[in-house]
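**Q** Order-wise, the sequence lines are chains G and Z.
Its first residue numbered 0, the first sequence is counted upward by one per residue in numbering that gives the first Met the number 0.
Its first residue numbered 0, the second sequence is counted upward by one per residue in numbering that gives the first Met the number 0.
Simulated from the structure, these hints should not be mistaken for lab results.
Please read these numbers as outputs of a predicted model, since none were measured by experiment.
Check each hint, because a few of them may be wrong.
Derived lysine to any residue pairs resembling SDA-like cross-links, with alpha carbons at most 25 Å apart [as the list claims (entries may be wrong)]: (1) K227/Z to S418/G; (2) K198/Z to Y510/G; (3) K198/Z to R509/G; (4) K475/G to P252/Z; (5) K203/Z to V531/G; (6) K463/G to N188/Z; (7) K227/Z to V514/G; (8) K511/G to L65/Z; (9) K532/G to N188/Z; (10) K203/Z to R509/G; (11) K463/G to I235/Z; (12) K561/G to D201/Z; (13) K560/G to P252/Z; (14) K189/Z to V424/G; (15) K561/G to P252/Z; (16) K475/G to L65/Z; (17) K451/G to L65/Z; (18) K221/G to T109/G; (19) K149/Z to S418/G; (20) K189/Z to T109/G; (21) K390/G to P252/Z; (22) K227/Z to R537/G; (23) K431/G to G255/Z; (24) K565/G to D199/Z; (25) K451/G to Q150/Z; (26) K131/G to Y176/G.
Chain Z is nowhere near these chain G residues, computed Cβ spacing over 10 Å in every case [unchecked claim]: (27) L61; (28) A455; (29) V556.
Cβ-Cβ distance ranges computed for the label pairs, FRET-style [what the hints assert, rightly or not]: (30) G83/Z to T343/G: 49 to 57 Å; (31) H215/Z to Y632/G: 57 to 65 Å; (32) D133/Z to K390/G: 49 to 57 Å; (33) F200/Z to F269/G: 50 to 58 Å; (34) A59/Z to G337/G: 38 to 46 Å; (35) Y239/Z to K390/G: 34 to 42 Å; (36) E530/G to H215/Z: 25 to 33 Å; (37) H215/Z to E85/G: 18 to 26 Å.
All residues carry an ideal CB built from backbone N, CA and C; glycine is no exception.
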Amino acid sequence: MRFKLLVLFTFLLIGFAAKAQTQEDQLIKDLIESIAENLPEDYDLSELQDRLTYFRKHPINLNNTNAEELKTLVFLSPLQISNLFEHIRKNGKLIDLLELQSIPEFDIQTIQRLLPFVTLEQSATTDKITGKNLLMYGNNDLILRYGRVIEKSKGYTDLPGSRYLGTPDRYLFRYRYTYSNRVSASLVFEKDAGEYFFNGPKQKPFDFLSGHIAFLNTGRFKKIVLGDYTMQFGQALTLWSGFAFGKSPDITGVAKRDVGLRPYTSANEFAFLRGAAITVNIAKNIDFSPFVSHRKLDASMSVVNGQNVVSTINETGLHRTQSEIDNKNNLEQTVYGGVLQYRTSALNVGAVAYHTSFNRAFIPGSGLYRIHNFTGKELTNLGAHYSYTYKNFYFFGEFGKSLDAGLAYVNGALVSLSSTVSAVVLHRNYQKNYHNFFNQATAEASEAFNEKGFYAGLNINPSKIWSIQVYGDYFKFPWLRFRVDAPSDGYEFLGQVTYSPTKTFRAILRYKTEVKQQNTSLTVPFNYLDEVKRENYRAEVKWAAGKSFGFQNRVEVVQFKKGDAKAEFGYLAYQDVSYAPLSSRLSGNIRVAYFNTASYDSRIYAYEDDVLYNFTFGLYNGKGLRGYANLKYRLAKRVDLWGRYALYNYDNVETVGSGLDEINGKMKSEMRIQLRYQF
Amino acid sequence: MRKFLLFIIIFLSVNKSWSQYNQGARLTAMGNASAALYDIWSLNANPAGITGLQSPTAAANYARYLFGDELSEQNFAFVLPFNGNFAGLSVNRYGISEYNEIKAGLGLAKKFGEQLSIGIKVNLHQLKITNYGDATTFSVDAGVNYVLSKQIGLGLYASNPSSQTYKSSNIAAHIPTALHFGATYTPSNKVIVATTVSKDFDQKFDVSVGADYRFHEILSLRGGISAKPFKQYVGIGLNYQKLILDVAVQSHPQIGYTPQIGLSYAF
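Given these sequences and hints, build the entire structure.
**A** Written as structure tokens, this is what we have:
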């Protein structure tokens, strides 16, 4: 009955109000889905979405750009970028975007993805920094967002012990200013659910505040950033803050696209540096980027010999309970250093050196597996990275060394075997005592240390219609890990076939398997390791009906097996419908999903549409229905309004969630509204 | 103790991962995704694959299992083309001095037009274990290759379809019965991508993928993976006039690295 109602509701929505996802959103969504396969559910990709949305509005001039800028379009492989510059060097400036088809490695899909973000026209706007220009030609982008879980969870009741001290409301305020490619500024406030809104303990006035001012392309000074920023260099082994893609169906993702210094505009409370940084051109082809950062981190402390010492850094940015608030900002981190880069169109070499210090010492964590972790207050990191294009080969790699501790290196190659086949190989070896607080290198584990591995992938596009991706990765963990009481190893394999006979139809089949080892679940005097196997089968079709309707269906099955236990299964099936008439102010989309997973081990993740700049990977766990509806309405030329309503309706449960997030009943629903004003 | 470990490895290999004889350094480097490939060592895989040879060819291959001091495999092959027919001989030995497996085979393949070729091979198996005994048996392999288009080739072969076993009552070693189906994609004359799906009647499906990239007139780079167990392969090939030198390394999660080298000469 309830299901029928839901279906009815669904159709009403379609016919009545729903939906519009503009094409650009769709493109960005596809992109994020294909490259962000292995990200945890709370990963904040708004920065990427922000970049792409920005370039959509201010396309890159292909005749007047550089590798760093093109790398920010994460879907271009380094080899493609290099080939583009080689083409321009040989044949002169591009005259028509159609010319892209004649550049090696530029397949139809890449060109289709690229076109919305590039142009060949020199933008007419002046870019001199004067007060008048800043006012006249600057772009202002203001976002206000409010959201909350509608049901009251246990944490908000009058519990005697730990409870959420603030309100369940979530707020985001984001203001962004850009002027040509010369000036950028931002201001972000955020309050998470459960946090104090205004002037709570340790906050003035908001829980999270971030901002920056940046001047770009001023003579020798390519970038000057004051405030919050990220640094992304080389293969993410030595210095990389913010997100980095790794293994994904986009097999070239393991070759990192380093974009250097960038202002930080995201609401993630952990992944940034705070202070000042510049990139200055000191000689032909040589850039120097010195930086300094001082910021506070959340950390849980313990007392050893009467001294406060750090046991772990908390990255969640949540300050809801008394203990979370106690942990807030109680560690100070100072980082300073510099990056030297030598860059020509084929060769790229860089050296990184920086020093990280804390006001309190780290102690070895409890548990043998953490025995090699960082201790003390001071750490110096050195690194060197390179990339080199030779004909159809792109070689890349990085070496990182933490002084008085371990070494790590990663090397790889991207080869275009023919116009339809490309291959990637990557070898990595990260020592168990490689210490680094800004390390996002390609790895199986969430952090790149204590791991060796070899990755190989193939990308085959035999025709416009077919596309095949395959990769395999073997990894070894020489030291113990969390819940793994012995050295272990494992492997991962992915195969994907895409069939797109027309512009409006696409089918994807995907198989993925991963085998690792983990402590047995049995109670034994000494833990031995059991093999843990996870297999995913996915089938997806996407098609359009008419000019306004888009449909997507997916079925996914997960098999999870640990040791000799019986295999368990998880299932997910969903239907997406989007409605985006060309001339209408209103657009929207909905999803209805059914999921049934035996336990958390066989959970399934799937990308979900959301309001602009909010990024959701839905977690499908348990048994029930999931639905959501997004609406976008253009109130005025420069004002957009989004609304979202999403709910979980679980079968046969008395409560939803656990701990302080526990909700009585079988429903969990969430709403969000967002206003964007561009002026 | 070391001998004992060696025995374990030998049996692990024989009974599980090592369900076929070595397919030479080139096919091995391509993950043994050999069902639709043409090579002299197709003799040890899909016998129809020897129809790709242009002239009489002899080849020798040597693989060393780094796990043990003396565990190795030697292979020899010879193929003679005549009037669209191809006759081949291969001799393979695997083991240590106390444990020896020998497989010798005689293959015959024929081309039916430009697209279709069919091959069949009869093998003699001999197993010798010092102070224990020995056994002998025979088996048959048969296969088909089909050129679907300029770019796509298909191959299918069965090893030991009649499920022959050693007749001796005190030896349990078995000769695997398996079906292999493969395809190749050749987008240019420099690149071959190959895949093979194998079903051993006693094992799970195995899938392998491999690529051969002739990036220079005389040099080829190769790589491959296979799924069960998860193995990775890399290799290089050197083609100098009539002489071909191939090197491959296979990485197995338990057995570790197995390097091999092969040499062939086309008369």
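**Q** If a hint holds in the structure, say so; if it doesn't, say that too.
**A** We went through each hint and held it up to the structure:
1. At roughly 31 Å between alpha-carbon atoms, K227/Z and S418/G are farther apart than 25 Å, so this suggested pair is violated.
2. At most 25 Å may separate the alpha-carbon atoms for a hinted pair to count; K198/Z and Y510/G meet this at roughly 18 Å.
3. For the proposed pair K198/Z and R509/G, the alpha carbon gap of about 21 Å is at most 25 Å, so the pair holds.
4. Pair hint K475/G plus P252/Z holds up; C-alpha atoms about 9 Å apart against a cutoff of 25 Å.
5. Distance hint between K203/Z and V531/G is fulfilled; the C-alpha atoms sit about 17 Å from each other, no more than 25 Å.
6. Simply put, K463/G and N188/Z have alpha-carbon atoms about 20 Å apart, close enough for the 25 Å limit, and the pair holds.
7. Restraint check for K227/Z and V514/G: the C-alpha separation of about 11 Å stays at or below 25 Å, so the hint holds.
8. For the hint linking K511/G to L65/Z, the alpha-carbon distance of about 31 Å lies beyond 25 Å, and the restraint is violated.
9. Note on K532/G and N188/Z: the hinted pairing is violated, with a Cα-Cα distance of about 39 Å set against a maximum of 25 Å.
10. Between the alpha carbons of K203/Z and R509/G the distance comes to roughly 19 Å, so the proposed pair stays at or under 25 Å and holds.
11. At roughly 31 Å between alpha-carbon atoms, K463/G and I235/Z are farther apart than 25 Å, so this suggested pair is violated.
12. At most 25 Å may separate the alpha-carbon atoms for a hinted pair to count; K561/G and D201/Z meet this at roughly 22 Å.
13. For the suggested pair K560/G and P252/Z, the alpha carbons sit about 19 Å apart, so the restraint of at most 25 Å is met.
14. Our distance criterion of 25 Å between C-alpha atoms is met by K189/Z and V424/G, whose separation comes to about 18 Å.
15. Taking the CA atoms of K561/G and P252/Z, the gap is about 18 Å. The hint holds against a cut of 25 Å.
16. Using a Cα cut-off of 25 Å, the hinted pair K475/G and L65/Z holds, with the two alpha carbons roughly 19 Å apart.
17. At roughly 20 Å between alpha-carbon atoms, K451/G and L65/Z fall within 25 Å of each other, so this suggested pair holds.
18. Between K221/G and T109/G the CA atoms are separated by roughly 29 Å; this puts the pair beyond 25 Å, and the hint is violated.
19. A threshold of 25 Å between alpha carbons decides the hint, and for K149/Z with S418/G the separation of about 16 Å falls inside it, so the pair holds.
20. Of the supplied pair hints, the one linking K189/Z and T109/G holds, its CA atoms being roughly 23 Å apart against a limit of 25 Å.
21. For the suggested pair K390/G and P252/Z, the alpha carbons sit about 34 Å apart, so the restraint of at most 25 Å is broken.
22. At most 25 Å may separate the alpha-carbon atoms for a hinted pair to count; K227/Z and R537/G meet this at roughly 21 Å.
23. Restraint check for K431/G and G255/Z: the C-alpha separation of about 21 Å stays at or below 25 Å, so the hint holds.
24. Our distance criterion of 25 Å between C-alpha atoms is met by K565/G and D199/Z, whose separation comes to about 23 Å.
25. Among the hinted pairs, K451/G with Q150/Z is inconsistent with the structure: their alpha-carbon atoms are about 37 Å apart, more than 25 Å.
26. A threshold of 25 Å between alpha carbons decides the hint, and for K131/G with Y176/G the separation of about 15 Å falls inside it, so the pair holds.
27. L61/G, annotated as away from the interface, keeps every beta carbon of chain Z farther than 10 Å; the closest lies near 27 Å.
28. A beta-carbon of chain Z is positioned within 10 Å of the beta-carbon of A455/G; the least distance is around 5 Å.
29. The beta carbon of V556/G is kept farther than 10 Å from every beta carbon of chain Z, the shortest such distance being approximately 17 Å.
30. Hint check: G83/Z to T343/G, Cβ distance near 55 Å, so the stated range 49 to 57 Å holds.
31. Roughly 60 Å separates the CB atoms of H215/Z and Y632/G, a value that falls within the hinted 57 to 65 Å.
32. Separated by about 55 Å at the C-beta atoms, D133/Z and K390/G satisfy the suggested range of 49 to 57 Å.
33. The given range of 50 to 58 Å is respected by F200/Z and F269/G, whose C-beta atoms sit roughly 53 Å from each other.
34. The supplied range of 38 to 46 Å is broken by A59/Z and G337/G, whose beta-carbon atoms lie about 57 Å from each other.
35. For Y239/Z and K390/G, the hinted distance range of 34 to 42 Å is not satisfied, since their beta carbons lie about 22 Å from each other.
36. For E530/G and H215/Z, the Cβ-Cβ distance of about 42 Å falls outside the hinted range of 25 to 33 Å, so the restraint is violated.
37. Range check, H215/Z to E85/G: Cβ separation about 20 Å, and the 18 to 26 Å hint holds.
Hint compliance for this structure: hints 1, 8, 9, 11, 18, 21, 25, 28, 34, 35, 36 are not met, and every other hint is.
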